[in-house]
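Asker: Sequence:
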Amino acid sequence: MSKFEVNYRGAVIRIIVENDDASLHINGLERDKKALGQDPRTLKLSSSVQTDYEWHEFIESTLEVEANQIRVTLVANNQSLLDETIDRS
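For what it's worth, this note's numbering labels the leading residue of the sequence shown as 1, then goes sequentially.
Hints may contain errors.
[Unchecked claim] Taking CB as the label site, the calculated pair distances span:
#  : residue 1 : residue 2 : range
1  : Ile16     : Ser80     : 17 to 23 angstroms
2  : Lys3      : Ser46     : 27 to 33 angstroms
3  : Thr51     : Asp83     : 16 to 22 angstroms
4  : Trp55     : Lys3      : 23 to 29 angstroms
5  : Asp21     : Asp52     : 28 to 34 angstroms
6  : Asn27     : Asn68     : 29 to 35 angstroms
7  : Thr51     : Asp87     : 30 to 36 angstroms
8  : Ser48     : Glu84     : 20 to 26 angstroms
9  : Glu54     : Met1      : 33 to 39 angstroms
10 : Gln50     : Met1      : 24 to 30 angstroms
Hints listed in this document are in silico derivations from the structure and should not be mistaken for laboratory results. Source: prediction; values computed, not measured. Glycine included, each C-beta is placed from N, C-alpha and C at the ideal position.
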């Protein structure tokens, strides 16, 4: 299992890659989940998040799945929060 965590404007955002699934969690709640499937493949996990009183932002994670690795990116409000590559096991 690989877990990535970012704190963004008071929200805890996690991306979890486990077995054959990837999921997006915001403040402890699973907001989106997809199967990694066959490679090569690009997956998008997304949700909105309330970061301030009556302020919502769109969060999107992109996973580029290859035979031996997965590139994980996370963007909020057009700002890059994460860009990492992990080995696929």
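Asker: Of the numbered hints stated earlier in the document, which are not met by this structure?
Answerer: 2
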